[in-house]
Amino acid sequence: MKTNVEIQYAFNNITSDEIERRVKDDLKENGVKLSNIETLNIYYKLDEHAIYYVAEMKDKKIIGTGNTPLYIYS
Numbered sequence: 009m010k011t012n013v014e015i016q017y018a019f020n021n022i023t024s025d026e027i028e029r030r031v032k033d034d035l036k037e038n039g040v041k042l043s044n045i046e047t048l049n050i051y052y053k054l055d056e057h058a059i060y061y062v063a064e065m066k067d068k069k070i071i072g073t074g075n076t077p078l079y080i081y082s
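Per the numbering used here, the sequence shown starts with residue 9, numbered consecutively.
If you are wondering where the hints come from, they were derived from the structure by calculation, not from laboratory data.
For lysine-lysine, the following PhoX-like pairs were computed, each having C-alpha atoms within a straight-line distance of at most 25 Å:
| no. | residue 1 | residue 2 |
| --- | --- | --- |
| 1 | Lys32 | Lys69 |
| 2 | Lys68 | Lys41 |
| 3 | Lys32 | Lys53 |
| 4 | Lys66 | Lys36 |
| 5 | Lys32 | Lys68 |
Ranges between beta-carbon positions, derived for each pair:
| no. | residue 1 | residue 2 | range |
| --- | --- | --- | --- |
| 6 | Ser43 | Phe19 | 33 to 43 Å |
| 7 | Ala18 | Asp67 | 37 to 47 Å |
| 8 | Lys41 | Phe19 | 30 to 40 Å |
| 9 | Lys41 | Gln16 | 25 to 35 Å |
| 10 | Asn21 | Tyr51 | 14 to 24 Å |
| 11 | Asn12 | Asp33 | 17 to 27 Å |
| 12 | Ser43 | Ala18 | 32 to 42 Å |
| 13 | Lys69 | Ala18 | 30 to 40 Å |
| 14 | Phe19 | Asp67 | 37 to 47 Å |
| 15 | Met9 | Thr76 | 32 to 42 Å |
Ideal placement from N, C-alpha and C gives every residue a C-beta, glycine not left out.
Given these sequences and hints, build the entire structure.
Structure representation (structure tokens):
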């Protein structure tokens, strides 16, 4: 079974897959190898159209957006 989750808010739509793709693309653009990530937590703030994430690496280093989110404007 394949499940699709679509988030709709204020006349904007985005899927959970698209949010995950944007986060992974941002990590790769910043030189992070996805295979080195132990856990990846993603947070989407609907009212801000903003994605925040925190990645814990296998070496226990923490990488994230901090106070500078990825913005989504469709």
